[in-house]
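Asker: So the chains spell out like this:
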Amino acid sequence: MRTIEPWVEAPLGAFLTESAARVTLLMTASGQVVAQHGFTRSLDVMAAAALGAGILAATFELAKVMGAPPLDSVVHQGTELGIYLAAFDTPRGRWIGLVVFGPETSIGLVQLFFGRLALDLAHSAPVAEPPRQLLAEDFEGELNASLRALFGR
Amino acid sequence: MSLATELDALTRIAGVRGALIVSPDDGLVIEESLMEGIDGRAVAALVASLAGRMRGLTLALDHPPPVLLHLEAAAGGILAAFAPSGLLVIAVTTAGVNAGQVRLELLDAAERAA
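Going line by line, the protein sequences match chains A and B.
Each residue of the first sequence is one higher than the one before, starting from 1 at the first, in the numbering used here.
Each residue of the second sequence is one higher than the one before, starting from 1 at the first, in the numbering used here.
Take the hints with a grain of salt, since some may be wrong.
Residues on chain B that point at chain A, a partial pick, calculated with CB under 7 angstroms [stated by the list, open to error]:
no.: 1; residue: ASP26
no.: 2; residue: GLY27
no.: 3; residue: LEU28
no.: 4; residue: GLY37
no.: 5; residue: ARG41
no.: 6; residue: ALA44
no.: 7; residue: ALA45
no.: 8; residue: ALA48
no.: 9; residue: SER49
Source of the hints: derived by calculation from the structure; they are not laboratory data.
Backbone N, C-alpha and C define an ideal beta-carbon position, used for all residues, glycine too.
Let the sequences and hints guide you as you build the complete structure.
Answerer: This is the structure we're talking about:
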C-alpha cells in the first residue's frame, strides 16, 4: 500500500484486510491519486484514476439528464473480477474509491467495508491547512515526492 | 406468496428482531424486515460470507452441504437457512428466543423462497 497522506494509511489498511480487495485506488474527484494498493506500474494507476473519475462524472451527468438523484456508486460484476467505484465526501473534499475484487470476497462485503472506510477517513482527516502559494521551484520537488510516495521510486 | 410475506411468518415469532433474504454470492439484501438499529447490509454481507465458508468447509470434508447455520452469542443469535434456489434466509434473534420454532419457520421459509 502506498499513500500520499499518512493519515489515510490506517483506515485503508483496515479496509484492505476486512474486504479482501485485490486492488484499491483512492483519488480526488478530479482523478488526482491519494493512495493505492495493488498496482505495480505508475501508468496503470494514472489510467485507472482518470478512467474511474471519468466514469463517475459521466454517471452524475447521466443521472442529471434522467432527472434522477445523483448516483454515488457503480458496480461492474464479471465472472472473475468485480469493480466497485464510489464517491464519498471527506473534510478534504469529494473523493473517489476504485476497488477491484475477486470471488474470494463479495460486493456486499466490499460495499459494507467501503462505507466504513469513508467514515474512518472523515474522522481521521486532519484540519485542512490554509492554502499556500505554490511556487514554481517547489512544484517539481512536490510532484517527485508524491510520485515517490505512490510508487516507491 | 411474496418474499416479504415469507419474512412476516418469521418476524411474528417473539424474540425475532428481523429477517432477511440474501443473495449468498453477492452478500446483498433481496428482501428484509428488520427492527430499527439492525444494519441489514452488514448482516447480509457477513452472514453470506460465513455461509460461503461453511459450504466450502463441508465440501472440503466431502460432507453434504449445510442446510442451516445457528450462531449463538451472549446478547442474541443468528440463524440462516439455505433455500433450494440458492438464496439464504436469515433470522436475527434475541438471546431468549425459542430457537426450535425459529428453525422450523426458517426452514419452511427457505423451502418456499423462490
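Asker: Would you mind marking each hint as holding or not holding in the structure?
Answerer: How the hints compare with the structure:
1. ASP26: With a minimum Cβ separation of about 5 angstroms from chain A (threshold 7 angstroms), the hint on ASP26 (chain B) holds.
2. GLY27: Hint holds; GLY27 (chain B) Cβ to chain A Cβ min 2 angstroms, cut 7 angstroms.
3. LEU28: holds (5 angstroms)
4. GLY37: violated (16 angstroms)
5. ARG41: At about 6 angstroms, which falls below the 7 angstroms cut-off, the nearest Cβ of chain A leaves the hint on ARG41 (chain B) intact, so it holds.
6. ALA44: Since chain A brings a Cβ to about 6 angstroms from ALA44 (chain B), closer than 7 angstroms, the hint holds.
7. ALA45: holds (3 angstroms)
8. ALA48: Result: holds, 6 angstroms to nearest chain A Cβ.
9. SER49: holds (6 angstroms)
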